[in-house]
Amino acid sequence: MQTVEEMILKHPFWSGLNPQYFPLLQGCATSERFEAGQLIFQEGQEADHFFLIQTGQVRLYAFVPGRGSVTIQTVSAGAALGWSWLFPPYHWHFSAQANEVTELMAFDAKFLRDTSEANHDFGYELIKRVSSMLLQRLQETRLLLVDFYGFPR
Amino acid sequence: MLPKEFRVRRVRRETPDTFTVEIEAANGDQAFGFAPGQFNMLYAFGVGEIAISISGDPQAKSLMHTTRVVGTVTKGLGKLRPGDALGVRGPFGSSWPIERAAGCDVVVVAGGIGLAPLRGALYHLVSCRKELRRLVLLYGVRSPQDILYRRDLERWRNGGLQTFVTVDRATGSWLGHVGVVTSLIPHAPFDPVNAVVMVCGPEIMMRYTMLALQKRGVSEERIFLSMERNMKCAVGFCGHCQFGPEFICKDGPVFCYDRIKNWLGIREL
Chain A
247 MQTVEEMILK
257 HPFWSGLNPQ
267 YFPLLQGCAT
277 SERFEAGQLI
287 FQEGQEADHF
297 FLIQTGQVRL
307 YAFVPGRGSV
317 TIQTVSAGAA
327 LGWSWLFPPY
337 HWHFSAQANE
347 VTELMAFDAK
357 FLRDTSEANH
367 DFGYELIKRV
377 SSMLLQRLQE
387 TRLLLVDFYG
397 FPR
Chain B
17 MLPKEFRVRR
27 VRRETPDTFT
37 VEIEAANGDQ
47 AFGFAPGQFN
57 MLYAFGVGEI
67 AISISGDPQA
77 KSLMHTTRVV
87 GTVTKGLGKL
97 RPGDALGVRG
107 PFGSSWPIER
117 AAGCDVVVVA
127 GGIGLAPLRG
137 ALYHLVSCRK
147 ELRRLVLLYG
157 VRSPQDILYR
167 RDLERWRNGG
177 LQTFVTVDRA
187 TGSWLGHVGV
197 VTSLIPHAPF
207 DPVNAVVMVC
217 GPEIMMRYTM
227 LALQKRGVSE
237 ERIFLSMERN
247 MKCAVGFCGH
257 CQFGPEFICK
267 DGPVFCYDRI
277 KNWLGIREL
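So the sequences go chain by chain: A and B.
Plus 246 on top of the position in the first sequence (first one is 1) and you've got the working numbering.
Plus 16 on top of the position in the second sequence (first one is 1) and you've got the working numbering.
Hints were generated in silico from the structure; no laboratory data involved.
All C-beta atoms in this analysis are idealised placements derived from N, C-alpha and C, irrespective of residue type, glycine included.
Don't take each hint at face value.
[Said to hold, decoys possible] In silico contact screen, one side only, chain A against chain B (beta carbon under 10 angstroms); selected entries: (1) Asn345; (2) Leu380; (3) Gln382; (4) Leu390.
[To be verified] Distance windows between CB atoms, simulated: (5) A:Pro335 / B:Pro32: 35 to 45 angstroms; (6) A:Lys374 / B:Pro32: 40 to 50 angstroms; (7) B:Gly62 / A:Ala282: 47 to 57 angstroms; (8) B:Thr187 / A:Glu281: 17 to 27 angstroms; (9) B:Asp207 / A:Trp329: 53 to 63 angstroms; (10) A:Asn264 / B:Glu170: 40 to 50 angstroms; (11) A:Glu281 / B:Trp279: 46 to 56 angstroms; (12) A:Gly324 / B:Gly175: 20 to 30 angstroms; (13) B:Gly176 / A:Arg388: 43 to 53 angstroms; (14) B:Asp207 / A:Asp360: 50 to 60 angstroms; (15) A:Gly283 / B:Cys254: 56 to 66 angstroms.
Given these sequences and hints, build the entire structure.
See below:
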């Protein structure tokens, strides 16, 4: 079984990070395991953790009256989960549930925000990575809007 | 150039708007060799002729073509019943680079009905699975009901194909991936340096798939894609399918990405 330190070192999200920040990350991270179907966070709750997926798959969903829970996107091993923890009011916009047995690294969100304020170099490294994730998700969402698999009629 | 007479053996409904027509030579001749990725011109008598990729097993005795009802000819083909006649010219065009796959990670990326032109390649690749390193299929569709060849997918999975299917909209009890097929590429299990990638789908899907593959580190000469244009003569005479300096029917439909990349973003083409 991998230690939290090993997980941080190997996760693609932190690829290229100055090693001086690893102890800092290690100090605010825990390893968590969710069974299939288990709720990870719920829409409206305080977004107090930032998650990186080690193994498994997570579905993000919204509850739609009359339709039940509608899956918006799935996020798999190697990816980051959630950004509501970084922006006020720090509440989750959607809910997340493990689709299968899922192992996550959970980072204390307030600690990451406070450390970023105090240490802008670290904050820049963090924001660069979160921005990259945001850009990727935005582009994927835009591609959904253009009907990616529709051949011309 | 003259069509040969074939007879419909079976028509299988794959999805609400997609069907596979299985045909065999009317004279009983079983020698119809083709390479995965090639296409035939199917002639619905009294209606018209259309280019459709061959989507069956190259080792099988009958020919299969999967298409979606999009116009008069495909509507005519969809009305065919077992025993009905149709004309066939072919096979035409280039094929998937199966010969380059040995010893490599092979990644097949399909979008929607784009799985059909790749099906023959998948049959072949699964049959020679031991000669490959990894064999991965990344397949994106609008919804679970649009997934083609479910039985084949299961069989190929058992034959060593790592299959990742993603949908735009999760419906029913779908518990798989949700998102566009490009979202699977960053974490898919393959070595970009040693991979051969085969891509087929709508052009917009292929354009963004190229970007995702290059971001992952796959070089242009290792990426192959199947193009679609309005093919009429199928032998490079009429010019309907001209794509830059290439004719899709004669020089394609399967191209190496580095050969056609300059033409992909040009609107007029």
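Verification of the supplied hints:
no.: 1; hint: Asn345; result: holds (5 angstroms)
no.: 2; hint: Leu380; result: violated (14 angstroms)
no.: 3; hint: Gln382; result: holds (8 angstroms)
no.: 4; hint: Leu390; result: holds (5 angstroms)
no.: 5; hint: A:Pro335 / B:Pro32: 35 to 45 angstroms; result: holds (43 angstroms)
no.: 6; hint: A:Lys374 / B:Pro32: 40 to 50 angstroms; result: holds (44 angstroms)
no.: 7; hint: B:Gly62 / A:Ala282: 47 to 57 angstroms; result: holds (55 angstroms)
no.: 8; hint: B:Thr187 / A:Glu281: 17 to 27 angstroms; result: holds (24 angstroms)
no.: 9; hint: B:Asp207 / A:Trp329: 53 to 63 angstroms; result: violated (30 angstroms)
no.: 10; hint: A:Asn264 / B:Glu170: 40 to 50 angstroms; result: holds (47 angstroms)
no.: 11; hint: A:Glu281 / B:Trp279: 46 to 56 angstroms; result: holds (50 angstroms)
no.: 12; hint: A:Gly324 / B:Gly175: 20 to 30 angstroms; result: holds (26 angstroms)
no.: 13; hint: B:Gly176 / A:Arg388: 43 to 53 angstroms; result: violated (35 angstroms)
no.: 14; hint: B:Asp207 / A:Asp360: 50 to 60 angstroms; result: violated (40 angstroms)
no.: 15; hint: A:Gly283 / B:Cys254: 56 to 66 angstroms; result: holds (57 angstroms)
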